[in-house]
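From just these sequences and the hints, can you work out the full model?
Number of protein chains: 2
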Amino acid sequence: MMAKAAPLSPLAPAHFPHLPPIAGVRLATAEAGIRYKGRTDVLLVLLDEGTQAAGVFTRSKCPSAPVDWCRAALKDGTARALVVNSGNANAFTGKKGAEAVALTAELAAEAAGCAPAQVYLASTGVIGEPLDATKFKGVLVETAARVSPGAFEDAGRAIMTTDTFPKGASATVDFGGTKVTINGIAKGAGMIAPDMATMLSFVFTDAPIAQDVLQGLLAKGVVDSFNAITVDSDTSTSDTLLLFATGKAGGASATEASDPRLPAFAKALDGVLLDLAQQVARDGEGARKFVTVDVRGATSRQAARRIAMSIANSPLVKTAIAGEDANWGRVVMAVGKAGEEADRDRLSIYFGGIRVAVEGERDPTYDEDKVSAYMKGQEITVAVDIGLGSASDRVYTCDLTKEYVAINGDYRS
Amino acid sequence: MMAKAAPLSPLAPAHFPHLPPIAGVRLATAEAGIRYKGRTDVLLVLLDEGTQAAGVFTRSKCPSAPVDWCRAALKDGTARALVVNSGNANAFTGKKGAEAVALTAELAAEAAGCAPAQVYLASTGVIGEPLDATKFKGVLVETAARVSPGAFEDAGRAIMTTDTFPKGASATVDFGGTKVTINGIAKGAGMIAPDMATMLSFVFTDAPIAQDVLQGLLAKGVVDSFNAITVDSDTSTSDTLLLFATGKAGGASATEASDPRLPAFAKALDGVLLDLAQQVARDGEGARKFVTVDVRGATSRQAARRIAMSIANSPLVKTAIAGEDANWGRVVMAVGKAGEEADRDRLSIYFGGIRVAVEGERDPTYDEDKVSAYMKGQEITVAVDIGLGSASDRVYTCDLTKEYVAINGDYRS
Chain A
0 MMAKAAPLSP LAPAHFPHLP PIAGVRLATA EAGIRYKGRT DVLLVLLDEG TQAAGVFTRS
60 KCPSAPVDWC RAALKDGTAR ALVVNSGNAN AFTGKKGAEA VALTAELAAE AAGCAPAQVY
120 LASTGVIGEP LDATKFKGVL VETAARVSPG AFEDAGRAIM TTDTFPKGAS ATVDFGGTKV
180 TINGIAKGAG MIAPDMATML SFVFTDAPIA QDVLQGLLAK GVVDSFNAIT VDSDTSTSDT
240 LLLFATGKAG GASATEASDP RLPAFAKALD GVLLDLAQQV ARDGEGARKF VTVDVRGATS
300 RQAARRIAMS IANSPLVKTA IAGEDANWGR VVMAVGKAGE EADRDRLSIY FGGIRVAVEG
360 ERDPTYDEDK VSAYMKGQEI TVAVDIGLGS ASDRVYTCDL TKEYVAINGD YRS
Chain B
0 MMAKAAPLSP LAPAHFPHLP PIAGVRLATA EAGIRYKGRT DVLLVLLDEG TQAAGVFTRS
60 KCPSAPVDWC RAALKDGTAR ALVVNSGNAN AFTGKKGAEA VALTAELAAE AAGCAPAQVY
120 LASTGVIGEP LDATKFKGVL VETAARVSPG AFEDAGRAIM TTDTFPKGAS ATVDFGGTKV
180 TINGIAKGAG MIAPDMATML SFVFTDAPIA QDVLQGLLAK GVVDSFNAIT VDSDTSTSDT
240 LLLFATGKAG GASATEASDP RLPAFAKALD GVLLDLAQQV ARDGEGARKF VTVDVRGATS
300 RQAARRIAMS IANSPLVKTA IAGEDANWGR VVMAVGKAGE EADRDRLSIY FGGIRVAVEG
360 ERDPTYDEDK VSAYMKGQEI TVAVDIGLGS ASDRVYTCDL TKEYVAINGD YRS
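Going down the list, the sequences are from chains A and B. If you number the first sequence the way numbering that gives the first Met the number 0 does, the last residue is 412 and the count never jumps. If you number the second sequence the way numbering that gives the first Met the number 0 does, the last residue is 412 and the count never jumps.
Note that these hints are calculated values from the structure, not bench results. Certain hints may be false.
Since the list can't tell identical chains apart, any single copy or any two copies may satisfy a pair.
SDA-like mimics (lysine to any residue), calculated; alpha carbons at most 20 Å apart, straight line [what the hints assert, rightly or not]:
no.: 1; residue 1: Lys401; residue 2: Arg287
no.: 2; residue 1: Lys266; residue 2: Gly352
no.: 3; residue 1: Lys95; residue 2: Gly376
no.: 4; residue 1: Lys94; residue 2: Arg354
And the structure:
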């Protein structure tokens with residue numbers, strides 16, 4: 000039943016970055032034996048009183064039980080605990096799913112000494128199998144006794160499914176004269192890995208920011224990061240991004256979006272989110288190349304995004320990149336099918352800054368050897384100038400290799 | 000540069016069907032050496048005077064030069080000749096593309112003794128390379144001298160690119176006391192094969208039907224046939240479906256959509272279109288399994304179509320089927336991402352009529368051995384009951400295999 004562990008992505012960073020402690024955030028991991036043996040599969044994060052929470056979730060019309068739970072919990076908006084398990088997504092588990100979520104929250108609330116509504120939950124793993132939440136009973140109490148401020152790398156590992164490396168990012172920024180820290184972890188792989196689900200990311204800061212302001216920052220920050228990546232166009236039922244602000248750095252809480260301390264913070268937050276999102280694309284199942292798609296000259300930002308996503312999701316563009324082929328004809332195809340305004344005779348297409356097509360035909364001057372050499376690299380940028388307007392956008396993806404099919408198709412054969 | 004010939008699809012029909020001659024339609028093929036050596040790459044069809052034409056084309060915003068030409072030609076609506084070449088799509092070729100099209104139409108008009116506007120054109124093959132239409136000069140005159148009424152299988156072969164088998168279908172039907180025939184040929188493979196493009200199909204009948212009525216029949220017929228198939232979600236710049244009615248079977252021309260002779264004809268036409276469309280899916284690049292996706296219980300026909308296409312286009316559903324895995328969790332995922340109304344706790348999912356999930360969770364009664372045995376077959380039906388309404392729809396696709404990636408990614412390496 001279990002997938003073979005995939006080899007480390009060639010696009011993985013050299014090492015997990017340094018994530019310093021954040022006041023008010025303590026973490027520990029445990030082996031609950033939900034599905035995996037000999038590895039951690041539960042993350043417990045305890046958050047100090049007063050912590051504000053924000054979240055964005057999958058757009059799926061069939062979300063998992065934990066997503067339902069978090070959406071409800073956000074109505075209150077204070078957080079004291081986060082429990083994440085890997086190995087079972089608790090998705091499409093009917094009434095049992097809601098029951099498992101309620102029991103987990105109750106157990107975590109006991110362990111953390113808070114109300115169940117202050118507990119946030121995320122699950123990733125098999126879909127459609129009931130999650131036996133009674134397994135958490137002893138585990139959460141025991142884990143709560145072991146929490147420490149610096150366990151972010153362990154946390155990143157405990158939430159992995161078919162990820163080949165743990166994902167973390169950190170930034171510090173001046174917040175009205177006080178240094179604040181932002182730490183994030185994430186897991187991804189495919190939108191749904193072999194029988195496993197989901198992109199999950201959890202970001203923590205000690206900055207003092209009120210919930211509605213925090214939610215606004217997160218909603219804005221996700222547009223050009225987690226909403227700008229695609230591995231295979233498939234959307235998990237469980238995608239969850241949560242942002243917790245403990246306020247323990249001190250200072251007055253930012254209660255207005257116009258607070259002058261926020262622009263610098265937002266920029267740092269956006270950087271952390273983008274870093275994490277790119278790491279998810281770099282660990283896309285079977286990925287050998289990290290692909291940036293730039294669209295400019297579009298009639299609107301929305302048009303640029305749709306065209307960029309059409310290119311980034313095209314199996315033919317992605318297999319061409321896997322084959323190290325600067326196949327601009329397939330890029331034209333993907334522009335054409337996006338449904339947005341385009342004029343084939345105004346299109347220009349670039350690989351790595353080398354223009355290969357201009358005004359609707361092959362650029363007669365381009366150096367094929369130079370493009371071929373570029374396509375052998377691990378970082379590929381495809382740029383398209385639509386030639387109709389001044390709007391632009393950028394998204395990220397990976398190539399589509401035989402390993403993707405093997406990971407997602409071979410595991411039961 | 001050339002792809003290796005792929006082995007015959009295991010889903011290919013045992014033999015090309017019998018396509019009888021159609022009065023007013025004569026065909027011949029030739030080797031123009033556009034790209035391939037040692038095989039035919041040009042099809043010329045001569046149509047008797049009075050032939051009515053109808054057409055539907057790619058929705059791409061960057062259509063090929065021949066698509067532009069055909070759209071303009073349909074404004075007149077009579078047809079005397081059809082020229083199809085494989086090896087070069089004449090797409091994204093700028094002004095040269097329009098010039099090549101005009102020259103080809105002129106040469107064909109000379110050969111056929113008609114006006115250029117009565118010539119229809121289609122090209123499939125490499126994108127972005129200028130098509131040297133002067134190659135057609137001698138070829139079309141010589142080919143016109145060899146046309147014969149029965150050369151449909153040869154015609155099917157001449158328009159192939161990476162198709163592994165020629166595609167044909169035929170039907171006869173009573174048209175107000177007169178027997179009329181409908182013959183069709185098609186090519187497909189991927190929406191864009193290795194550097195090759197396109198789904199093309201040409202259908203001929205001797206029934207007497209006026210152009211606007213013919214167009215209406217075709218537009219309706221395409222909905223549940225060519226618009227209900229997908230190989231990889233990619234849309235060619237050159238997709239073309241043309242229907243020609245010579246009227247040579249005799250009888251008064253059907254000039255009204257309410258003509259009582261039309262329902263039986265429309266049914267037969269729909270059958271030919273569906274047969275051809277299914278053959279295209281059966282010859283999808285790397286296909287090992289033919290997949291029918293049935294959606295019922297949706298709130299509208301349009302919702303059912305969008306959900307069905309979301310399932311049929313999901314890389315994770317398609318790789319699971321390649322892996323002979325009845326992975327209903329991925330089907331839920333694809334329903335959820337379609338964006339149409341759904342309630343996960345009302346969904347039921349079936350593989351080959353065996354219910355594997357009901358009311359939002361695994362069907363506790365289902366026989367896993369039976370489902371596993373079913374998944375080993377070549378014809379897979381995935382059915383979803385949304386449980387919210389009474390609308391239904393059906394689409395067709397194939398599985399996603401490593402061979403797809405190899406065909407589309409390896410060919411230059």
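How the hints compare with the structure:
1. Lys401 x Arg287: Result: close both inside a copy and across copies, 11 Å intra and 15 Å inter.
2. Lys266 x Gly352: Answer is neither: 27 Å inside a copy and 53 Å across each miss the 20 Å cutoff.
3. Lys95 x Gly376: Neither: 48 Å inside a copy, 33 Å across copies.
4. Lys94 x Arg354: Intra 56 Å, inter 19 Å, cutoff 20 Å: inter-copy only.
The structure fails to meet hints 2 and 3 from the earlier list, while all remaining hints are met.
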